[in-house]
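Novice: One-letter residues, chain by chain:
Number of protein chains: 2
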Amino acid sequence: MNRTLAALLLLLAPLTFAQQRPDLKLTTTESFDAASIRPYRGRHQKIYDYIDARQAEHLAAIQRWVRQRSISALNEGVTDMATMLRDDLRRIGFKDAELVPTSGHPGVVGFYDAGAKKTLAVYMMYDVQPVEAEGWKVEAFDGVLVDHDLGRALMARGATNQKGPERSFLNALESIIAVEGKLPVNLLVIAEGEEELGSPHFPEVVAKVEERLRQVSGVLFPMFGQDRQGNVTVNLGVKGIVYFEMEAKGGERGGPVGAEVHGSTKAIIDSPAWRLVQALASLTSEDGNTIVVPGYYDSIRPPTVEEQRVINSMLREWSSREPSMKEALDVRRWANGWTGEQLLLHYLFDTTLNIDGIWSGYTGPGVKTILPHKATAKVDSRLVPDQTPEEALRLIRQHLDRQGFTDIEIRLMGGYPPAQTSASAPLVQQAISVYNKYGLTPALTPRLAGSAPYYVFTRLGLPLLAAGIGHGSGAHAPNEYMLVNPKEGSRIANLPTIEKFYVDLLYALR
Amino acid sequence: MNRTLAALLLLLAPLTFAQQRPDLKLTTTESFDAASIRPYRGRHQKIYDYIDARQAEHLAAIQRWVRQRSISALNEGVTDMATMLRDDLRRIGFKDAELVPTSGHPGVVGFYDAGAKKTLAVYMMYDVQPVEAEGWKVEAFDGVLVDHDLGRALMARGATNQKGPERSFLNALESIIAVEGKLPVNLLVIAEGEEELGSPHFPEVVAKVEERLRQVSGVLFPMFGQDRQGNVTVNLGVKGIVYFEMEAKGGERGGPVGAEVHGSTKAIIDSPAWRLVQALASLTSEDGNTIVVPGYYDSIRPPTVEEQRVINSMLREWSSREPSMKEALDVRRWANGWTGEQLLLHYLFDTTLNIDGIWSGYTGPGVKTILPHKATAKVDSRLVPDQTPEEALRLIRQHLDRQGFTDIEIRLMGGYPPAQTSASAPLVQQAISVYNKYGLTPALTPRLAGSAPYYVFTRLGLPLLAAGIGHGSGAHAPNEYMLVNPKEGSRIANLPTIEKFYVDLLYALR
Numbered sequence: 027m028n029r030t031l032a033a034l035l036l037l038l039a040p041l042t043f044a045q046q047r048p049d050l051k052l053t054t055t056e057s058f059d060a061a062s063i064r065p066y067r068g069r070h071q072k073i074y075d076y077i078d079a080r081q082a083e084h085l086a087a088i089q090r091w092v093r094q095r096s097i098s099a100l101n102e103g104v105t106d107m108a109t110m111l112r113d114d115l116r117r118i119g120f121k122d123a124e125l126v127p128t129s130g131h132p133g134v135v136g137f138y139d140a141g142a143k144k145t146l147a148v149y150m151m152y153d154v155q156p157v158e159a160e161g162w163k164v165e166a167f168d169g170v171l172v173d174h175d176l177g178r179a180l181m182a183r184g185a186t187n188q189k190g191p192e193r194s195f196l197n198a199l200e201s202i203i204a205v206e207g208k209l210p211v212n213l214l215v216i217a218e219g220e221e222e223l224g225s226p227h228f229p230e231v232v233a234k235v236e237e238r239l240r241q242v243s244g245v246l247f248p249m250f251g252q253d254r255q256g257n258v259t260v261n262l263g264v265k266g267i268v269y270f271e272m273e274a275k276g277g278e279r280g281g282p283v284g285a286e287v288h289g290s291t292k293a294i295i296d297s298p299a300w301r302l303v304q305a306l307a308s309l310t311s312e313d314g315n316t317i318v319v320p321g322y323y324d325s326i327r328p329p330t331v332e333e334q335r336v337i338n339s340m341l342r343e344w345s346s347r348e349p350s351m352k353e354a355l356d357v358r359r360w361a362n363g364w365t366g367e368q369l370l371l372h373y374l375f376d377t378t379l380n381i382d383g384i385w386s387g388y389t390g391p392g393v394k395t396i397l398p399h400k401a402t403a404k405v406d407s408r409l410v411p412d413q414t415p416e417e418a419l420r421l422i423r424q425h426l427d428r429q430g431f432t433d434i435e436i437r438l439m440g441g442y443p444p445a446q447t448s449a450s451a452p453l454v455q456q457a458i459s460v461y462n463k464y465g466l467t468p469a470l471t472p473r474l475a476g477s478a479p480y481y482v483f484t485r486l487g488l489p490l491l492a493a494g495i496g497h498g499s500g501a502h503a504p505n506e507y508m509l510v511n512p513k514e515g516s517r518i519a520n521l522p523t524i525e526k527f528y529v530d531l532l533y534a535l536r
Numbered sequence: 027m028n029r030t031l032a033a034l035l036l037l038l039a040p041l042t043f044a045q046q047r048p049d050l051k052l053t054t055t056e057s058f059d060a061a062s063i064r065p066y067r068g069r070h071q072k073i074y075d076y077i078d079a080r081q082a083e084h085l086a087a088i089q090r091w092v093r094q095r096s097i098s099a100l101n102e103g104v105t106d107m108a109t110m111l112r113d114d115l116r117r118i119g120f121k122d123a124e125l126v127p128t129s130g131h132p133g134v135v136g137f138y139d140a141g142a143k144k145t146l147a148v149y150m151m152y153d154v155q156p157v158e159a160e161g162w163k164v165e166a167f168d169g170v171l172v173d174h175d176l177g178r179a180l181m182a183r184g185a186t187n188q189k190g191p192e193r194s195f196l197n198a199l200e201s202i203i204a205v206e207g208k209l210p211v212n213l214l215v216i217a218e219g220e221e222e223l224g225s226p227h228f229p230e231v232v233a234k235v236e237e238r239l240r241q242v243s244g245v246l247f248p249m250f251g252q253d254r255q256g257n258v259t260v261n262l263g264v265k266g267i268v269y270f271e272m273e274a275k276g277g278e279r280g281g282p283v284g285a286e287v288h289g290s291t292k293a294i295i296d297s298p299a300w301r302l303v304q305a306l307a308s309l310t311s312e313d314g315n316t317i318v319v320p321g322y323y324d325s326i327r328p329p330t331v332e333e334q335r336v337i338n339s340m341l342r343e344w345s346s347r348e349p350s351m352k353e354a355l356d357v358r359r360w361a362n363g364w365t366g367e368q369l370l371l372h373y374l375f376d377t378t379l380n381i382d383g384i385w386s387g388y389t390g391p392g393v394k395t396i397l398p399h400k401a402t403a404k405v406d407s408r409l410v411p412d413q414t415p416e417e418a419l420r421l422i423r424q425h426l427d428r429q430g431f432t433d434i435e436i437r438l439m440g441g442y443p444p445a446q447t448s449a450s451a452p453l454v455q456q457a458i459s460v461y462n463k464y465g466l467t468p469a470l471t472p473r474l475a476g477s478a479p480y481y482v483f484t485r486l487g488l489p490l491l492a493a494g495i496g497h498g499s500g501a502h503a504p505n506e507y508m509l510v511n512p513k514e515g516s517r518i519a520n521l522p523t524i525e526k527f528y529v530d531l532l533y534a535l536r
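Chains as they are written, first to last, in my numbering: chain B, 27 to 536; chain V, 27 to 536.
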């Protein structure tokens with residue numbers, strides 16, 4: 027094969043492989059109908075009454091939690107919060123509650139043995155984001171009530187992400203035990219103090235209780251599931267992610283090694299910046315929207331019929347959501363001109379390759395002529411079933427090597443596979459039945475476009491569900507809040523109702 | 027033509043055009059021999075004696091100049107220095123010395139009418155670089171003498187770049203006039219106060235005296251031409267440059283407009299960062315060393331026979347200079363594996379395309395998942411005869427447009443064409459004859475790989491020569507100095523000899 031022909035075939039490769047992109051389409055018109063699931067019929071009036079009578083104490087318990095700093099990024103109050111959680115679990119009756127040391131912040135685990143047939147795992151995070159320097163109307167760790175346009179609110183760091191929902195859940199547990207003597211199911215609490223850091227050591231915490239975890243029927247993540255209008259969305263999955271840095275540096279192959287050199291030497295010196303640009307460019311189509319790494323789309327499975335039914339249930343709302351989403355993201359046109367069904371399918375069922383950042387050389391104002399000795403990019407890929415971080419990275423490395431970019435270093439920064447829960451899982455069905463009891467039939471979504479490390483549970487075949495009612499907002503932002511007493515006419519649940527929902531859910535799961 | 031075929035041809039285009047790169051080669055083995063030029067035989071003993079007797083005053087004049095701040099970037103002392111230069115010129119006898127207002131800092135021009143047949147233009151810069159925050163052993167504007175490993179030195183900002191050589195030149199003029207009553211040639215001084223800013227308004231200064239400039243026989247730029255060993259290199263040209271920013275932004279074509287969005291939205295949103303990477307990648311070969319913009323090499327003329335003779339004169343030294351240059355630039359391998367003659371030819375006679383900087387999105391430590399709304403690169407191209415900044419930029423724009431990158435913005439930051447002086451120009455020949463008189467036969471180089479805006483003179487057909495003896499270093503660095511009294515045994519000229527060289531040169535040019 028002569029050189030031109032070889033080059034030709036190489037150049038054509040992207041065209042060929044671009045066509046391997048999965049054709050995302052719907053093969054059924056059936057739609058998942060959450061409203062058709064029979065509302066939960068249980069009534070646990072004594073427990074409800076107990077909750078109603080204990081509201082001052084229950085709110086105080088939440089306030090006690092948000093007043094305890096637990097900023098994982100700054101290591102502020104982390105161990106104190108872990109200890110507070112452990113002690114609360116012990117007081118409730120968790121016999122084996124303990125801190126689990128990790129290479130980072132400790133986890134907390136605890137097992138409540140109700141002597142029940144079924145065991146539910148409860149995933150918790152006890153850490154919070156750092157406090158923003160500006161914008162807070164109150165002290166972020168004072169845990170004070172304020173008047174909010176939606177009603178009376180507890181405004182504090184952690185109010186909604188995630189101490190509010192979690193301590194509300196514990197309030198529900200205490201109420202059940204106070205009235206009935208024990209819980210309707212066994213509970214295995216698994217908490218981490220590094221969620222805001224990307225859960226780097228959570229697998230170490232999970233390993234500690236893996237035997238017990240294999241016995242549970244599902245995993246609950248307490249959250250406030252209502253938006254400002256009171257609507258509930260139930261999400262059944264998350265994408266995975268692989269995050270890495272690609273770097274070109276001067277070295278044996280060429281380019282200045284230790285420091286930048288004068289720009290005029292480009293005439294005779296290789297440029298790591300060009301090298302990185304060329305290596306990156308080899309990964310996608312010219313519009314940056316199709317990954318041309320051979321095999322990258324191969325492991326993506328088409329949406330299951332069940333997932334398609336959920337998608338179909340979303341599509342009615344989608345045409346009205348699309349314009350507001352466009353506005354919120356400040357976008358004039360979606361990638362590839364997609365709209366409607368195609369847009370939604372690619373959003374939730376397609377993998378990505380994204381440049382989070384790139385830098386090299388002089389980036390200040392005006393003119394400076396240098397040949398930088400180093401160029402770096404941060405790149406992430408969102409992963410859908412059945413992609414894995416290992417295989418994604420292997421394919422990228424293999425492609426770069428085959429294209430001759432063996433000099434480009436790849437540094438893995440983190441990653442985990444996607445996680446998926448079936449809409450037909452009893453945990454999901456029973457949660458929907460409880461939502462329906464409260465007149466809050468949820469919209470379902472098969473998956474978030476974002477990522478979370480739920481694979482630690484789903485890899486064991488466990489369904490995972492973030493569930494709850496109530497409303498909060500401002501996670502990772504100033505003036506984070508949870509609504510305690512919504513205004514008259516709101517569909518949002520107040521604190522006692524938030525707790526009653528969890529009571530019902532635990533009995534429904536029995 | 028079907029789509030695949032069209033795409034195929036488009037993809038092949040770079041291969042085709044890459045082969046248009048000029049084949050730089052030598053067609054003569056003749057070598058320029060500076061030693062064969064007869065040494066200047068003039069002796070101007072009365073003037074030399076006058077210089078020797080005035081050394082305290084002459085050094086004081088240089089100190090007066092370096093003590094006057096003139097930091098163009100910070101607008102510190104600029105007008106005061108321009109006024110000092112003008113007043114000095116008037117005192118010497120320049121009748122029309124005056125400040126020339128520009129859109130930036132003023133220029134200074136002056137004409138000395140000796141009633142001579144010939145007129146020499148003298149290019150000067152009166153501005154200096156800002157002072158580095160750290161590393162200075164003395165106050166940068168105190169103008170003090172220090173002991174240096176090479177001898178006694180004046181250590182100050184501007185000592186070598188460029189006040190030292192310039193005021194030494196004026197000392198020579200004063201001495202000639204004091205002894206002989208007038209200069210042997212008419213002089214047209216053209217000075218700017220923005221050299222360190224890239225000479226953005228120098229054409230405005232030149233325009234002021236363009237009529238007179240058309241009458242001159244050449245342009246002299248006073249400098250200290252000796253290195254630490256006392257060797258002299260005479261440089262006959264500079265590359266031009268075009269410097270621009272390339273930017274991709276969200277907009278009608280896609281991508282977030284006002285701000286970054288969450289990285290997971292890459293699934294449905296175009297990425298300006300990918301777009302910039304792809305546009306940049308379309309400009310070069312995969313190794314970044316060959317420009318694949320069609321026509322980019324077309325206007326490059328081969329080295330003339332005269333230039334080849336100068337190259338041949340360099341080649342003897344080149345094999346020994348190459349390793350030390352490699353070490354100084356911290357490079358293990360030259361681009362394309364070039365060595366020897368090919369390396370030198372490409373260094374001096376080839377154009378470049380260089381990424382000076384690139385930036386987009388998150389560039390801090392760790393992981394942050396965003397889709398940036400903007401990506402920018404600083405790019406420069408060094409230009410050789412007969413390239414022009416306008417044509418270079420037009421070809422790049424045209425190529426981007428033809429490849430579909432019409433959305434990529436190009437912002438011109440500055441640029442000017444290359445400049446070349448012939449080795450056979452009388453100014454060059456006579457300067458060499460004076461160097462030979464001092465036993466300092468210069469090495470010649472046909473061109474610097476770097477750039478300077480000498481085109482303002484050479485476009486008028488004028489030879490331009492930076493010439494002088496003496497030694498200084500540390501331009502744009504702490505502890506800038508000029509050697510006033512070299513140690514015993516040094517081949518470097520002391521201050522009186524520096525001035526006598528200029529005396530001889532002016533008489534030689536008569």
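FYI, nobody ran anything at the bench for these hints, they're computed from the structure.
Careful, some of the hints might be misleading.
[As the list claims (entries may be wrong)] Selected chain B positions facing chain V (Cβ under 8 Å, derived; list incomplete):
| hint | residue |
| --- | --- |
| 1 | Q46 |
| 2 | P48 |
| 3 | L50 |
| 4 | L52 |
| 5 | T55 |
| 6 | G161 |
| 7 | W162 |
| 8 | V287 |
| 9 | D356 |
| 10 | R358 |
| 11 | R359 |
| 12 | Y388 |
| 13 | L438 |
| 14 | G440 |
| 15 | A475 |
Quick reminder that beta carbons are idealized off the backbone N, C-alpha and C, glycines included.
Novice: Any of the earlier hints contradicted here, and which numbers?
Specialist: 1, 2, 3, 4, 5, 6, 7, 13
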